[in-house]
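In order, the protein sequence lines correspond to chains A and B.
First residue of the first sequence: 7, per our numbering; consecutive thereafter.
First residue of the second sequence: 6, per our numbering; consecutive thereafter.
Everything labelled a hint here was simulated from the structure, so no lab data went into it.
Hints are supplied without guarantee of correctness; some may be wrong.
[Stated by the list, open to error] Each computed DSBU-like pair below joins lysine-lysine, with the alpha-carbon atoms no more than 35 angstroms apart:
hint : chain 1 : residue 1 : chain 2 : residue 2
1    : A       : LYS117    : B       : LYS155
2    : A       : LYS269    : B       : LYS155
3    : A       : LYS376    : B       : LYS113
4    : A       : LYS242    : B       : LYS113
5    : B       : LYS10     : B       : LYS390
6    : B       : LYS321    : A       : LYS75
7    : A       : LYS376    : A       : LYS326
8    : A       : LYS20     : B       : LYS319
9    : A       : LYS269    : B       : LYS238
10   : A       : LYS269    : B       : LYS419
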Amino acid sequence: MGVIMEAATRGTSKRNAGDIALAVDGRGGDLWTAYDLDFSGYYLRLPPEYLDDGLDLVIDLATNATLSKGTMLIERERAMYRLRGVIADPLSSLLSIYRLKAAFGNGPLSKCIFGTERSIADLDVDSVRLRYDCEFPTPPLLPFAVGSISEPEGTKQLIQSYMAQVKAIALPKPIDGKPGTPLGLEMHRQPSENAYISINVVTPGIAQEQTLALALASTILGEAPSSRIFREIREKRGLSYIALSRLELFRPAGIFSAICDVKSERLEEALSIMVEELKRLAEEETSPEEFEIAKNNLLGAYDIRLDNSASMASHLVPRKLAGSPMSYQDEYERIQRIKPTDVRNAWRDMLEEKNISLAVVGEFDDVLTKRAWDKIVW
Amino acid sequence: MIIEKTELNDGTKVLLAPVSGSRTGTIVVTFRAGARYESWETDGISHFLEHMFFKGTESLDAEGVSREFTRIGAMLNAFTSRSFTTYFAKVPSRHLDRAIELWAELLKRGVLRRDEFERERNVVIQEYGTVMDNPESRIANIELPRTHFKGTSMEHSIIGTVEALKSMTVEQMLAYRNEHYSFGNAFLCVAGDLDEGHVMEMLNGQFSKAPVGGEVIKFPRIDYRKPTRGSLKAITIPSKKDLAYLGFLVTLPGSHHPLFPATNLLLSLLYPSRTSLLYKELIQTGLTNGIVSLTEQFSDISTLGFEASTRPEKMKELLDRTLIALHRFSSRSMTEEQLILARRQVLGNLVIGCEDPMWLALRNVDLSILHESPFSTDDWISSLKGVTLEDLELAKEIALDEIEATIVAFGNMKEDWTYDFPEGTWNR
Chain A
7 MGVIMEAATR
17 GTSKRNAGDI
27 ALAVDGRGGD
37 LWTAYDLDFS
47 GYYLRLPPEY
57 LDDGLDLVID
67 LATNATLSKG
77 TMLIERERAM
87 YRLRGVIADP
97 LSSLLSIYRL
107 KAAFGNGPLS
117 KCIFGTERSI
127 ADLDVDSVRL
137 RYDCEFPTPP
147 LLPFAVGSIS
157 EPEGTKQLIQ
167 SYMAQVKAIA
177 LPKPIDGKPG
187 TPLGLEMHRQ
197 PSENAYISIN
207 VVTPGIAQEQ
217 TLALALASTI
227 LGEAPSSRIF
237 REIREKRGLS
247 YIALSRLELF
257 RPAGIFSAIC
267 DVKSERLEEA
277 LSIMVEELKR
287 LAEEETSPEE
297 FEIAKNNLLG
307 AYDIRLDNSA
317 SMASHLVPRK
327 LAGSPMSYQD
337 EYERIQRIKP
347 TDVRNAWRDM
357 LEEKNISLAV
367 VGEFDDVLTK
377 RAWDKIVW
Chain B
6 MIIEKTELND
16 GTKVLLAPVS
26 GSRTGTIVVT
36 FRAGARYESW
46 ETDGISHFLE
56 HMFFKGTESL
66 DAEGVSREFT
76 RIGAMLNAFT
86 SRSFTTYFAK
96 VPSRHLDRAI
106 ELWAELLKRG
116 VLRRDEFERE
126 RNVVIQEYGT
136 VMDNPESRIA
146 NIELPRTHFK
156 GTSMEHSIIG
166 TVEALKSMTV
176 EQMLAYRNEH
186 YSFGNAFLCV
196 AGDLDEGHVM
206 EMLNGQFSKA
216 PVGGEVIKFP
226 RIDYRKPTRG
236 SLKAITIPSK
246 KDLAYLGFLV
256 TLPGSHHPLF
266 PATNLLLSLL
276 YPSRTSLLYK
286 ELIQTGLTNG
296 IVSLTEQFSD
306 ISTLGFEAST
316 RPEKMKELLD
326 RTLIALHRFS
336 SRSMTEEQLI
346 LARRQVLGNL
356 VIGCEDPMWL
366 ALRNVDLSIL
376 HESPFSTDDW
386 ISSLKGVTLE
396 DLELAKEIAL
406 DEIEATIVAF
416 GNMKEDWTYD
426 FPEGTWNR
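Okay, chain B solo, but in the shape it has when bound:
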């Protein structure tokens, strides 16, 4: 696959990924706007703004925007992370030009109407309720990062707090949008069945006079070598939910660290695939049904994170097994077989994903945001192929030699539940 990294006439960074045999086109726009840029006063504003993005332009109301995307058969969606907000539409390729026109309309002439703002505030507060109602999403989005990253830009949840959402104003959102939603802070990717010359012509024509903006905005950095101290937090929920949840988080280096590709291979050996360490230790022993990866990656840090559920009375056993297995793993040298397996697994997953232009386009902007410059899946494949056994060994040492994990145990356990690290693992 050859992914072209190019620029529009105004300097906007663009990646073009033609996929032979495809019958669809996907356009993705990503802005540097996410929870890590927020204060407590604006907690949740990036995500709230994502909701407001489709609420109309100077010439289309909210219904009109939805109608125009529905008319071209678009799979339309958006999501907010801690470091970026992404908008995307996958359409039959005959409608790609129209999709580009609609994105340009939204970006150049989008408006924030007060009445829509008030209604959408309720929708976002409803969404907060759905996050809190699902134990897994509550741990992943709120409890675990807020505990592990206390006092840093990472403690902000994407959904925000109800207090901040209730007091947020249109003016605050307009200021935030003006600061973050410029093409100087964006990456654009078009993938699928496309004529590159024609797409560039369309993009240059449609996106001219879109806000380009000034300096690239950066979120407050965290030094992975000085992570917040690990801690243990037990949240007891007095309910009939006869399941307890474990959340586990460790800080690792981010994409700017030379061992970042090796760290990615290392994580694939730890969870959640069938050959991974924790799959064998926790799933094949019947201690849990599944392991959900909570890995997040940024330029400054990334995380080794996962969650798993079990019976409340088995929480200690689940934790013991996890820590003993990770400690044993850390004390053994990495092998050539492990390197080959990890590489095959990660590269194979990339090959499979690339069949879908939407996945490919999302991955390209994700990698670009992560590396803070245009970075394609081709570049990523080269980086992964270059990982040596020595790199993998060093990545393991950084990740697991002096573990500073935050562990959240959540569920219907006894109120005085406590936990000590098993003998022979890390000094506690």
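Bound conformation, chain A alone:
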């Protein structure tokens, strides 16, 4: 998908590459493509007075791309560079490849969005163009406008008029079936200074209400300055520079990951501390003070996002595309109502599912790492 998305910015039936570049740079804008396991999108950030022109441009890119063979070949080559850039960096490869493989086995969510060396080399440019021609003339296209919009009604009408021209609005079917069965352990050794580890727990998908309690669980564990993993791994022991967690949500499922870098000889220690913290959250109710602090932090993140249209767009767009019925305000209010018991229960449910896995990349002893992981009882 990355190849098509990038190639579309090289020309449409209305604009050549130079026109597209000028339509962005000439207004001080920023255009980027984003694609994950469910959706692909063009994001264009412009000064507010150019909103109408911006809408015209992104809809043109999504529906009228020329995709010449030469451009597609160039983009195939760039896709290879993107993938190799990820592979060259152990942390990036942990996040984009091995963590997903560990969590989702061979299921559809285990795919690296950058592809594989094989899939890129085998990409038949003609068949990709054919697929684009078949699928995109009636695209499952949803435009969003986020930020400083002076006349929302006018913008809405403008969007509707564009959508009338592109015929259909239909959400594609979610990825079918189970997201995949965890492999348990995925190790990849490569020369590096550090080892990079990620303990992963499979969670419900993006539109599910439990994800709000899980977002709070992740805040307590590793997404705030006073979070438990940061405190225990980095502040108290100085084991890692990166010591955090993240909750990433797709439509059929999500993935919680506790991540750190560590020297090979202290990998087992870091692993056991992270595991203890994950278990403790399921076993003990968070103290009222720690809970309130974490909740304030998560709600603060909602307030802070409001001042940045790009951050707002990247929060809202995947949720709306996944059919989430909750508005931004709904999410905020529901988080306010969450209690410590809700977080413990939601987190315990996740651990009881036993969809837990470990991914390790970099310099480490694979025999010792496997032994340490096998010893852990969830």
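Put chain B on the given structure of chain A with help from the hints.
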């Protein structure tokens, strides 16, 4: 936008940037403390000190500091550059007063505890490992500046060396902090949803008795007209990483030069935007996936710098195309269209950035450090608007007429890899 430049009762320089419609407040404090002030013995001390800043005060331990910022929903962070260290917190505006109190607590009553120092030393050494593990950050932070600026204050990397980090002492850090972390060496900016009178009252109340310090500290200067000679360095990494990286650096005038605004417009025409020269030459031809800007700016010098990755066997082609394109660009006169495009692009980016008070506050202190006096985005916009076609032409001549580039080629290339400048470009 109207950004107010003012002073606290003790003379501390403050910029206030109210943003209508905002629901947040950001407070930024920047000190003149960065890699350019360091010796080999203290290599990395500015960055290490940045880590130690949040490690506690007389009344709060490290956990307490984190807890108090988490409680108010702060997006809290800090970063060190070669010439300054910046601390910032963005909070919902209802918590701005508390954020100011916490910054004052850290600045007035911050302590360096020996046990925390030892633990954090390990964290910084771990961070050094993450820099070395990422080829792009290794080139940008270590290999390229160390080669290009050998023997000057610019060769120090921000992260430092493991040797220096291992031997650094609490006493050295205390001395460094006392010298650099005074308000005489700082700029402060508050931006977002704010009542200016109330904020000034808060700042005056909270920051009174904070160390003001004596003279403004300056790092050792470099004369851009006598740059270190350009050189070519190939670093071969025998690995399975089937990607090679190009780092490219040229010295340009700094912010004190009258053509500095023109230089900024010039750079926007060279990389990395979609209309830029190198985007067309390198990305649209499929030679690389992206161009990462490594431009750094100071009062004495700035840099034209970027990195790009490609297949090892295409490194020569990537370099040839880069040099031929830059040479061709240098031999043609600048046009009115180029000036208009560059100005629209740079000013538009400023407009977009200003929607976020955090970005705005960071930009204001960045500009002030760069100009060595309070300097706002309003001032910067005026400077950019004043650039003429003649200025742009002169900036281009200074930048590209006699190029002294340092080029680092890094990756899995043949060990005897060499490179000659293409025929017809600069004399080599």
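Status of each hint after checking the structure:
This hinted pair does not check out: LYS117/A and LYS155/B have alpha carbons roughly 45 angstroms apart, beyond 35 angstroms. For the given pair, LYS269/A sits about 31 angstroms from LYS155/B by alpha-carbon distance, which is consistent with the 35 angstroms threshold. Distance hint between LYS376/A and LYS113/B is unfulfilled; the C-alpha atoms sit about 49 angstroms from each other, more than 35 angstroms. At most 35 angstroms may separate the alpha-carbon atoms for a hinted pair to count; LYS242/A and LYS113/B meet this at roughly 24 angstroms.
Distance hint between LYS10/B and LYS390/B is fulfilled; the C-alpha atoms sit about 21 angstroms from each other, no more than 35 angstroms. Of the supplied pair hints, the one linking LYS321/B and LYS75/A holds, its CA atoms being roughly 26 angstroms apart against a limit of 35 angstroms. Of the supplied pair hints, the one linking LYS376/A and LYS326/A is violated, its CA atoms being roughly 40 angstroms apart against a limit of 35 angstroms. As the CA atoms of LYS20/A and LYS319/B are separated by approximately 34 angstroms, the hinted pair is consistent with the 35 angstroms bound.
Note on LYS269/A and LYS238/B: the hinted pairing holds, with a Cα-Cα distance of about 30 angstroms set against a maximum of 35 angstroms. For the hint linking LYS269/A to LYS419/B, the alpha-carbon distance of about 31 angstroms falls within 35 angstroms, and the restraint holds.
Of the numbered hints given earlier, the model fails hints 1, 3 and 7; all others are met.
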